[in-house]
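J.: Produce the entire structure from the sequences given, and follow the hints as far as they go.
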Amino acid sequence: MTDPIEQKIWLRADGSLKAHLRAIAAIVWKDLAAEFRSRELIGAMLVFAALVILIFNFALELDISTRETVTSGILWVTFAFAGTLGLNRSMAIEKDRGCLDGLLLAPVDRSAIFFGKAIGNLFFMLLVEAIILPMYSVLYNVNLFQPGLILVILLGSIGYTAVGTLLAAMAVQARTRDMLLPILLFPVLIPLLLAAVKASNGFLQGFEIVEIMPWVNVMIAYDVIFIAVAFMVFDFVVEE
Amino acid sequence: MERRPKTLTVLSWLTSVVFIVALYLVLFWAPQEAIMGDVQRVFYFHVSAGWVGALAFLITAIVGGIYLARGEQRWDRAAMASVEIGVVFTFINIVTGSIWARPIWNTWWTWDPRLVTATIMELIYIAYIMLRQGIEDPDRRARFGAVYGIVGFISVPLTFLSIRIFRTIHPVVVGSTDPTAQGAFDMTANMRTAFFFSLFTFTLIYITLLWHRLRLQHKMEMIEERKLRALSA
Amino acid sequence: MMFQEPPADTLNFMIAGFAVILGTIGLYITNIIMRFRKLRQDEALLDEIEAEHA
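Residue numbers (our numbering), protein chains in the order written: chain A, 4 to 243; chain B, 15 to 247; chain C, -2 to 51.
Just so you know, these hints were derived from the structure itself, not from any lab. Watch out, some of these pointers could steer you wrong.
What the hints assert, rightly or not - Pulled from the structure, derived: some chain B residues nowhere near chain A, Cβ distances all over 12 angstroms:
no.	residue
1	R88
2	S112
3	T207
4	L228
5	K233
To be verified - BS3-like cross-link-like pairs, simulated, lysine-lysine; straight-line CA separation at most 27 angstroms:
no.	chain 1	residue 1	chain 2	residue 2
6	B	K233	B	K20
7	C	K35	B	K241
8	C	K35	B	K233
9	B	K20	C	K35
Glycine included, each C-beta is placed from N, C-alpha and C at the ideal position.
T.: In structure tokens, the structure reads:
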């Protein structure tokens, strides 16, 4: 076990909640540190997202009036596709470098691996979204910095990375690795994406809170349900 | 794995007879609907097929869960058998839904929550099959199938709910004001009989097909095993 | 209730619907039967091979 972070997990693992949290933190830190050194993931996701936005500009006639209704849809399609890049890459790195085996041997509950990877993925996704928002605002002269929208993006990203991390962990072990993740993920993600687009649209167009709340509730329900499910089944996905 | 058990043979014949009775009830015995005409007769089997699809996927999720808990191969076999049947009957549900919509709404597709949810469900279980096909190790294949079967099944009610909310807020212009009604009609007593008999018939078809498909799966696995042994001998 | 018009003539659609239902179920059953047959052929072959090795 050459990775110093893995060694830290081993040394400090003693079965307590503190050890659990430390393990999660160590895994998150490992991913962040590796990414800041190489910047492969973020770079790829950003370039991809920027290209998608540009393509939308040519694909759809975005005059002033349609722009307002279509913005939330474009944003979420962009996030959804860029997100799969990040998820795929993040899991492939674990498998290819064999880090996963080291983590599995550590006497920490497997769910710590799930939360560690998921939080890492969430962080990357939020980072990309944080850059896309101003980019889109500038290109299309739309003010996207509203607290409601930020909340929706947060809720949506949480659900996305929870389910995505679980499914990516499976997809990466199949022969058809890269093609499989979107096929597995998107149908299951539809309630979340639908609610996210509708809620975002509601906030951007200044609808009444009472109209937006059903969508926010769907997102919260989705997040809670799938974080719980992923937590329970992740063991079965990584065992050898 | 020997000769087909007698019970299965009897069941298969019974199911065939019941199906013919159902066909008669639906095509001739049930009254013609006053506004839509004959196409409404498709409705009986359309809903029954949808029911079998949903049942099949529920069973897949459940036996998948049991496999995760117990690790016994036969639960995984049941999951695979059930999924295939689910995909076939959900397909029937979607296509007959479309055929029924055409003369009534003058469109091949309505964004009706049930139809859309059925389509998404179909895509999930096609993805399920693709996931399994991409994994070599049988134990891992079974585990991953079980996990995705559960995740997929849980997402379906959420999908239905969110599309329902969507349709309530944005009712489609072509159609009735009630977003849940698709070609609604009142059922007379005879229609109700035909309807429930259809549901019963299709449930019987599901059980029969599942049994046959289970035997097929078992046989496939045994042949695979023998092939591996023969090759390494 | 008085209906002014007779029911719509949707017989063709009904036929299409039932064709899909019966056709799809029929195709699936055929597919299962074909797979069973192929497995029996494989079985016969394996019986031969195993007999040779014995």
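J.: Output the indices of the hints that this structure fails to meet, ascending.
T.: none
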